[in-house]
Amino acid sequence: GAVVSQHPSWVICKSGTSVKIECRSLDFQATTMFWYRQFPKQSLMLMATSNEGSKATYEQGVEKDKFLINHASLTLSTLTVTSAHPEDSSFYICSAQWGGSSYNEQFFGPGTRLTVL
Amino acid sequence: AQTVTQSQPEMSVQEAETVTLSCTYDTSESDYYLFWYKQPPSRQMILVIRQEAYKQQNATENRFSVNFQKAAKSFSLKISDSQLGDAAMYFCAYRGYGNKLVFGAGTILRVKS
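Note that the protein sequences, when read in sequence, are chains A and B. Counting with our numbering, you get residues 1 to 117 for the letters of the first sequence. Counting with our numbering, you get residues 1001 to 1113 for the letters of the second sequence.
What the hints contain is simulated information worked out from the structure, not anything from laboratory work. Do not take every clue at face value.
Below, a list of computed lysine-lysine pairs in the DSSO-like style, where the Cα atoms sit at most 30 Å apart [what the hints assert, rightly or not]:
#	chain 1	residue 1	chain 2	residue 2
1	B	K1055	B	K1073
2	B	K1070	A	K55
3	A	K41	B	K1073
4	A	K20	B	K1100
5	A	K64	B	K1100
6	A	K20	A	K41
7	A	K66	A	K14
8	B	K1055	B	K1070
If you want the footprint, here are the derived chain A segments under chain B, 3+ residues with CB under 8 Å [unchecked claim]:
#	stretch
9	30-42
10	74-83
11	97-104
Backbone N, C-alpha and C define an ideal beta-carbon position, used for all residues, glycine too.
So here's chain A without its partners, still in its complex pose (with noise of 0.2 Å):
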């Protein structure tokens, strides 16, 4: 299947900094990128859709200004959480498709755990 890795695999951040998470499509061309929040033992939760060259479409509950995506390329979305706090501290997953239609697979990547003290 096809490869998709994000960097860092996992960060420690100060309360207030803004951490930046990476996506890469490695093997294919990804039109389609998502953002999950995962806590621990829970299940994964959408954040927002990205698609290459448009603004990130949001789920509800999700703060805009707080959790930044750009889908810049085909091949690399990136997630800025800004001013973290420790609340934001969680495992953060990315996956990515080619095509926009519910056919096509999504792959996931390893995903980034994120602590902030």
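Given the coordinates of chain A, work out where chain B should sit on it, guided by the hints.
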């Protein structure tokens, strides 16, 4: 809005035995896809099996098979000849016209040797 329900927070199975994980969903859409994903301790999401709603035949992938009951909106996963490597969190997921994956709460599967 679509919802996915997994009523078994945790299941255990003896190695080489068979186990069934339950999933029900709610939707008003007529065309959709259903998935089972595995999340091992590494937390990498792995697609186990996929079912198209328009197909009556149940999907199978080696030791993994599903029982898809469209009228009952039920989508269970059967794992045959369970192996230690099957131990993981399993998520049932729905994907409809909106292209979004909606996940259930997950079922932790423990495999006993």
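Contradicted hints - numbers only:
2, 10
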